[in-house]
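Go ahead and model the full structure; you've got the sequences and the hints to work with.
These are the residues of each chain, in order.
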Amino acid sequence: MSGITTGGLTVLGYFSPLIFLGIVGFAILGLSILKTSKKALSWITFASLGISAIWLYLIFPNGTSVFDGTIVFNQFGLYFAIVMIISAMFITYPSIYGLKAKSEIFYATLLFVTIGMVVAAFSYNLITLFIAFESVSIGTYVLASFGKNKRNLEGTVKYFFTGTIATAFILFGASFFYIDTHTFNLAVLTASTPSPELTIALIFLIVGFGFKLAIFPMHQWAIDTYDGTENSVSAFLSAGSKVLAFVVVLKMFLVGFSSDLHEVYYLFAVLAILTMTYGNVSALSQNNMKRLLAYSSVAQAGYLILVLAVVGSVGNTNSPVAAVAVAAGMFYAIAYIFMKGGAFITMNTVKGDNLQVSDLSGLAKKAPGVAVGFSIMLLALAGIPLTGGFFAKYLLFLSLIEGGLWWLAVIAILNSAISVFYYFRIILYMFGKDPQKDDIFNLENSFKIPVYVSAFLTVAISVLVIWFPTMIGIAPGLFR
Amino acid sequence: MLIIFLLTILISALSFAVQGRRRDYAMASSGIFLILTVIYSILRFHSGYTGGIISQETFNIASSIGIVFSTGVSGFSDALLILSAIVIFLSVLITEKGKYGESLYSYILITEAGLFGILLSRDFLFFYIFWEVVLIPVYFIVAQYGGPNKDSVSLKFFVYTHIGSVFLLLSIFTVYTFHYEATHVFTFEMSQLMVNTYFSQIPAFWMYFAMFGFLLAFLVKMPSFPVHSWLPDTYESAPYPGTVILAGGLSIMGGYGLFGILMPVYKSMGTGVMDLLMALGIISLVYFSLSAMMQQSLKRMMAFASAAAMGFVTLSFGAGLVESGYSASLELAGGMFQIIAHGLIMALIFSALFYISRSTGHESTHSLGGIFREAPILSSFLLAGLLASLGLPGLAGFIGEFSILVGVFGAIGWLILIVIFAMIVTASYHIWAAQKSLYGPYNEKLGAIHDADRATTVKLMGMLIVIFVLGVVPNLIYGILITYVGGII
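Taken in order, these protein sequences are the chains called A and B.
Under my numbering, the first residue of the first sequence carries the number 1, and numbering increases by one thereafter.
Under my numbering, the first residue of the second sequence carries the number 1, and numbering increases by one thereafter.
Warning: the hint list may mix true and false statements.
Stated by the list, open to error - Derived BS3-like pairs (lysine-lysine); straight-line CA-CA distance at most 27 Å:
#	chain 1	residue 1	chain 2	residue 2
1	A	Lys433	B	Lys436
2	B	Lys99	A	Lys366
3	A	Lys437	A	Lys366
4	B	Lys99	A	Lys437
5	B	Lys459	B	Lys436
6	B	Lys156	A	Lys433
7	A	Lys38	A	Lys437
8	B	Lys99	B	Lys459
Honestly, the hints are just simulated from the structure, not real lab data.
These numbers come from a predicted model, not from an experiment.
Laid out in structure tokens, this is it:
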């Protein structure tokens, strides 16, 4: 253990924001004795997440590596840590609606999950990565099971079983990884040479993490789970948890397999094409609102993993194109949280479950603000300008062209043109049709405000493009 | 001009806050924009314009990766700015009080902001953004206020043009990336990317890839054969204010793309591309004219007529760039003039048609008939529009077609007979349409119909005067266009 260069207390200090979150989590569990209202709990959660994000930013030991390179504090990790904290903050308030009982467990679990996410953002070791990832998974199984009806149960069970299978795959892949390289440290592995063991490890790890990222053909659970769970939990699963999987995949395959980038390129190019196309084409024929959004989030995962294809095809993690690609992924992640999370949260404004697209008919007449807000998120998902989604897609496709993958860019762009069909169908229903039944919408302010906020953030995020050069600057942090 | 543009954005955003009197608000603001644009043009283009781009301004946003907002006005885009201001103003004018929801006026104003943005942007990023932004309000105009089949038609319109746009985006990326490889400078500036010295250095495959992306995007908007099928449906289904915007405002986008964006790099394109464009132009012309002849609905017929007129534009672009000297500049300026004249004429025709269909409830040739007896003023305006559209000397449509026809002979030789054939077809169905619906025995089933009131007459008269003035004194803008062409070839 010669790598420990700092004193134990200092290292503990680095983790203080996480410890704080944990303490708050237990405190919330304790508060159940006092019968604290769920609204108060949600604000406590919100505030503590915000505090920990700021705390993390303030004490941030940039460039420090602890535990022999297991945890590396760099700005790349910080960016994703904060993005994931935001994704958790994003659902604290809207989730009140879905919580019928035991809300303290929900919020405490949310905090514990966030801890796992932040650890995953910084870790560069297969074991810590796995544990952090698994702690998030177990937490999200709990979150997903909040709710009592049958569909909910079905979704959760599917999620749990496929998640467990994915875990097995990850462990299996990790063991092959170890056989070949005799270490679990990802950053050290850069020196190793390609070998059959590494290829087996690569495939098993892709399958394992692919489940979590819900890429084709490992996506089927996601459709039922997003459909079955509470709207805010779907938002978290499809936004926060997907961004986590994205970070882990980036680290796993671009850092861990940096000697084998060619195979990473082939696999991810093929997977990206299949995922995008499958997600978009299936969404075309969906009438169930949440399943439609679920398929669209499968398609979005396809866009996200284009980053790996670009870096893989460039083959050199030091090249500027790789930095641009990773930075594009970073931008996509934050835009994605607001547009996708917001879209799921908007579903709260419609009563009942098993929503159909036609249930949204006439929303524009009843609540123009909500309809416009939701349209903004849909436009962002389709990648139409003036929204954050446009710049996200734009930068991603730009990096594809810079990487010389113009054919992949053509496929991706055609896919995004296909996706316009189903996003606009929803908009048509909202603006062009009359309401089917009276009293189908929840139009109290507590439902409207989250929609306004997410629509505003979806647009406002495009301002971040100003800092895109900065993101390019911190993106190479991934590779070391 | 930049200030006017920022004002359009501000005004269109604020319009959502106006409740109750949004029509007056839109009318006042679009009128003011028209006046401001005209004043700007008189100040800047009255004398001393020597080609190229003036009033350039640049704002750095993230300049290290080339994201800057840079603006400028050329002689051509200035003419289109005035045209779109006129068309938008007219489209607000012809709406009736209370018939459409309030949102329509916001959409119209956003369209104006988007069109101004397209014409002003001198960097590809913002050009593309505005290019896409224009689609959204127009989509909503069709989807919310359209006629039958509005759902599928508006979707078709959006997806069709969006696919064109994404290829535009790919092309932009391509030229951007190769510029970085050549110079290690990230830039979206058209003044850097769309110059021959750079463009011809791109490897041949990529250059054609980029060029065909640009062409596809522009030809879809034009629209040209074979990517036109969104047009007749959309024109027919859109509410009349929307049709006026589509025919007068949006049709300029394709033409501006060709003459404003692609023309500076024409030397790199090679004659093969030009031949292709000429062929597409001629095919569009003939095919759309013949299709128009088959139509019963006047609105659909005029949609095809509009597309055929844009065939002239494609033809003039292709032919003008393979020739040189006087006839080339004649043709190119003629093509640009045609874009402008076509926008004005179509706006007049669709407005007149709007009033006719409002008072009779019909818009197909066989259910109208002889309405000149009951509504002489409206009929005369429609007739004037039709005559202008078929190219009657003395009206604006003639100038463009004539100068194209004179110039094009050198490029296509005796194939010009096909063009003349198409012109004859055009003339004949225009006249037939007028004869069947306006003259002849009155269709008594229509009952008593209202003729135009004074306000309507003034609106249409204003439009007709503009067309007439441009027909008699084309040099008002022709000179600027020739200068603009001279700055490039």
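Going through the hints against the structure:
1. Lys433(A) - Lys436(B): Violated, at roughly 38 Å.
2. Lys99(B) - Lys366(A): holds (20 Å)
3. Lys437(A) - Lys366(A): holds (12 Å)
4. Lys99(B) - Lys437(A): holds (26 Å)
5. Lys459(B) - Lys436(B): It holds: about 25 Å lies between the C-alpha atoms, which stays within 27 Å.
6. Lys156(B) - Lys433(A): holds (18 Å)
7. Lys38(A) - Lys437(A): Cα-Cα ~31 Å, so violated.
8. Lys99(B) - Lys459(B): holds (18 Å)
Of the numbered hints listed earlier, those contradicted by the structure are 1 and 7.
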